[in-house]
Amino acid sequence: MSNRLEVIDAAKSFGGVLALSEATLTAESRRILAIIGPNGAGKTTLINVVSGVYAPDAGRVLLNGTDITGRRAFEVARHGIARTFQNVALFAGMTVLDNILLGRNMLMKSGVLKCGVFWGAARSEEIEHRRRAEEVIDFLNITDIRTAPAGSLPLGLQKRVELGRALAADPKVLLLDEPMGGMNLEEKESICRYVLDVVEMSDTAVILIEHDMGVVMDISDHIIVLDQGRKISEGTPDHVRNDKVVIEAYLGKEHAA
Amino acid sequence: MINRETGTFKRTYAEDLAIYRTPLPKIAVAVIAFVVFVIIPWQGSEYWLGILNLIGIASLGALGLNILVGRTGQISVGHAAFMSVGAYTAAVILREFPGTHWILAMLGGGCAAALAGMFFGIPSLRIKGLYLAVSTLAAQLIIEWIINHWPWLSGGAQGSIYIQAPTFPWIEDGALVSRKMEANLHYYYLIYVVLAIGILFALNLFRSHLGRAFIAVRDRDIAAEIIGINIFRTKLVAFGIASFYAGVTGVLYTYFYSIANFESFTLLISIQFLAMCIIGGLGSILGSIFGAIFITMLPIVLDFMLRGVGGAVFGWDDAAASAIMPQWNLIMFGGLIMFFLVVEPDGLAKMWRNFTDYFRVWPFPYV
Ligand SMILES: Nc1ncnc2c1ncn2[C@@H]1O[C@H](COP(=O)(O)OP(=O)(O)OP(=O)(O)O)[C@@H](O)[C@H]1O
Ligand SMILES: [Mg+2]
Chain V
1 MSNRLEVIDA AKSFGGVLAL SEATLTAESR RILAIIGPNG AGKTTLINVV
51 SGVYAPDAGR VLLNGTDITG RRAFEVARHG IARTFQNVAL FAGMTVLDNI
101 LLGRNMLMKS GVLKCGVFWG AARSEEIEHR RRAEEVIDFL NITDIRTAPA
151 GSLPLGLQKR VELGRALAAD PKVLLLDEPM GGMNLEEKES ICRYVLDVVE
201 MSDTAVILIE HDMGVVMDIS DHIIVLDQGR KISEGTPDHV RNDKVVIEAY
251 LGKEHAA
Chain Y
1 MINRETGTFK RTYAEDLAIY RTPLPKIAVA VIAFVVFVII PWQGSEYWLG
51 ILNLIGIASL GALGLNILVG RTGQISVGHA AFMSVGAYTA AVILREFPGT
101 HWILAMLGGG CAAALAGMFF GIPSLRIKGL YLAVSTLAAQ LIIEWIINHW
151 PWLSGGAQGS IYIQAPTFPW IEDGALVSRK MEANLHYYYL IYVVLAIGIL
201 FALNLFRSHL GRAFIAVRDR DIAAEIIGIN IFRTKLVAFG IASFYAGVTG
251 VLYTYFYSIA NFESFTLLIS IQFLAMCIIG GLGSILGSIF GAIFITMLPI
301 VLDFMLRGVG GAVFGWDDAA ASAIMPQWNL IMFGGLIMFF LVVEPDGLAK
351 MWRNFTDYFR VWPFPYV
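First to last, the protein sequences are chains V and Y. My numbering puts the first residue of the first sequence at 1, with every later residue one more than the last. My numbering puts the first residue of the second sequence at 1, with every later residue one more than the last.
Hints were generated in silico from the structure; no laboratory data involved. Incorrect hints may appear among the rest.
[Unchecked claim] Listed next, the in silico DSS-like pairs over lysine-lysine satisfying Cα-Cα at most 27 Å (straight line):
| # | chain 1 | residue 1 | chain 2 | residue 2 |
| --- | --- | --- | --- | --- |
| 1 | Y | 180 | V | 114 |
| 2 | V | 109 | Y | 350 |
| 3 | Y | 10 | V | 188 |
| 4 | Y | 26 | Y | 350 |
| 5 | Y | 10 | Y | 26 |
| 6 | V | 231 | V | 244 |
[Said to hold, decoys possible] Cβ pair distances, simulated, as ranges:
| # | chain 1 | residue 1 | chain 2 | residue 2 | range |
| --- | --- | --- | --- | --- | --- |
| 7 | Y | 320 | V | 149 | 51 to 59 Å |
| 8 | Y | 40 | V | 55 | 40 to 48 Å |
| 9 | Y | 130 | V | 55 | 22 to 30 Å |
| 10 | V | 111 | Y | 165 | 30 to 38 Å |
| 11 | Y | 31 | V | 55 | 32 to 40 Å |
| 12 | V | 111 | Y | 167 | 28 to 36 Å |
All C-beta atoms in this analysis are idealised placements derived from N, C-alpha and C, irrespective of residue type, glycine included.
Next comes chain V alone, as it looks inside the complex (with noise of 0.2 Å):
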């Protein structure tokens, strides 16, 4: 099976100012879509309309044909679309375990009597979910610390972490918000190598906000750059590293000559 999101003509102003205007987009399984542009250009936002944070002003979002435009953040989860933050929004007090466990929620079904008995279904369908969550762990190498309260681990693991509450849902699309932000080069290569196994092995559709240009230019399919809400290129790697257009915004209009 294959995955489609689509962003049709999607618009969202504050107050006054136009944080996106025009906004269209697919991202599609086994690709990679990134999203880039300077400080403020909407990216965030574009995430936010996307997955129900905030109502579009107008436009449509699709998800496999389906319109979730302005459904509410956990009907569009539920829909099959998971994303990470671009500060970390990680239960600080829970466990790894337990934080990506969380993933998998609203797939499990008891009801409360069953849950206050838990033996039987809800005992069975907390192993069953368990063990994906486990999986998850295991692929993302994070087995050492599935026991340690989310909140004392550096920026770098908690992004990690938050990335496998969004896969531990086995999303249809994968939000991905500046998942390598302050992190090491080594850091940043490990989590490339997940994000690129994520969108060999299984059918999630995967949006990137990245700020790092090696990392964009190096593993995304196609590249959408936005500036103060506009779309003002898009196209391969190769095609917006040398558009004039995306040169001017980022370094100003004397360098693009």
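We have chain V already, so just place chain Y with the ligands on it with the hints.
For chain Y with the ligands alone, kept in the frame of chain V given last:
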């Protein structure tokens, strides 16, 4: 090693999911169960069993409130009102349908309270913290008003309904008979069996997906929503469960006193239950019990001290001590809440954990 995590490896997820994962707590629980269900009833005097009964009932109520306040982070000052919903529902069921089994009436009381709790929990969709506290305060006052103003419901001007004592099966001269609960000992078993069920239920909830959802909603509601947790539903479930506990608590008071009486369910009682959660430890099961013991024993110990110390030092007679008692009770109550909020916000349960942590590594505290 029986008391350390090291050396007990889990081979299956099922083992890792067990409530007690090292042998020592299992032994401790067995010992506690033996003491609670055999030693105490066998040795306890009627006077002490009476006090233990009050502690047991309060523990159940505090546990319920702690699921809502401590685990889910939704403050409620209407807990006693939901107890009264349970109490009056059971009393009315028993009055209108005299043949009904008291267990059914108790469940009915719990369910009615759960519905009321969920109804008054609806505002939690929009409001948090202090505002939610005020809205649950409204629930407390509305329910109190209804009980005092609808005599057909609450049994007239005094707002109280007398009930028949519950019965239990008993063997007499080789024949199975039905006996009325009359001694504190009988109620002791009723209360502590219900409390044990309540504790088990909560332990199970906490290790299920619902338990994780509660904490997620409490700690970061936006992140919780993003990972697909229906926050509103989770909050309502927490209100429902907490109020079910409250309802059963109210029914237990009613059975124990043989009367459903609104004075047992005032705003002050709601606040006392909040105090049990804070003093015992927010979100902790053990803490709920510690808190219940503490708040129940406070006036008793204080009374004893005022009479003893006051008599010896100031030469007070009984009347003088009794006169000053209510004020002292309130002062101590307020002072202790402030003490715990400032000095040990995680409550008695945390103090207990520090104590056991010490023994976890004993006799090598430096490893
Ligand atoms: N909740 C909000 N309220 C008001 N303004 C907002 C809000 N969220 C974003 N904005 C504004 O929208 C614009 C785009 O912000 P956004 O966070 O999407 O940028 P970004 O591309 O993610 O930047 P960065 O690279 O710094 O993360 C900015 O001008 C920002 O100030
Ligand atoms: Mg951003």
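- Message: Against the 27 Å threshold, does the CA-CA distance of residue 231 (chain V) and residue 244 (chain V) hold or violate the hint?
- Response: Holds: residue 231 (chain V) and residue 244 (chain V) sit about 14 Å apart, inside 27 Å.
- Message: Hinted pair, alpha-carbon criterion (27 Å max): residue 26 (chain Y), residue 350 (chain Y). Please report holds or violated.
- Response: 20 Å, holds
- Message: Given a hint of 30 to 38 Å, does the C-beta separation of residue 111 (chain V) and residue 165 (chain Y) actually sit inside it?
- Response: 35 Å, holds
- Falls inside 22 to 30 Å, the C-beta gap from residue 130 (chain Y) to residue 55 (chain V)? Given range 22 to 30 Å: holds, Cβ gap about 29 Å.
- Message: 40 to 48 Å was suggested as the range; check whether the CB atoms of residue 40 (chain Y) and residue 55 (chain V) agree with it.
- Response: 59 Å, violated
- Query: Regarding residue 111 (chain V) and residue 167 (chain Y), is the given constraint of 28 to 36 Å on their beta-carbon distance met?
  - Reply: 32 Å, holds
- When you check the alpha-carbon spacing of residue 180 (chain Y) and residue 114 (chain V), does it fall within 27 Å? 33 Å, violated
- Item | residue 149 (chain V) and residue 320 (chain Y) - C-beta distance against the hinted 51 to 59 Å | 53 Å, holds
- Query: Does residue 188 (chain V) lie within 27 Å of residue 10 (chain Y) when you go C-alpha to C-alpha?
  - Reply: It is violated: about 33 Å lies between the C-alpha atoms, which goes past 27 Å.
- Query: Keeping to a limit of 27 Å between CA atoms, is the pair of residue 10 (chain Y) and residue 26 (chain Y) held or broken?
  - Reply: 16 Å, holds
- Query: Quick one: are residue 31 (chain Y) and residue 55 (chain V) within 32 to 40 Å, going by C-beta?
  - Reply: Violated - the Cβ-Cβ distance for residue 31 (chain Y) and residue 55 (chain V), about 57 Å, lies outside 32 to 40 Å.
- Does the structure keep residue 109 (chain V) and residue 350 (chain Y) at a Cα separation of 27 Å or less? Measuring from Cα to Cα gives roughly 33 Å; hence the hint is violated.
Checked against the numbered hints above, the structure breaks hints 1, 2, 3, 8, 11 and satisfies the rest.
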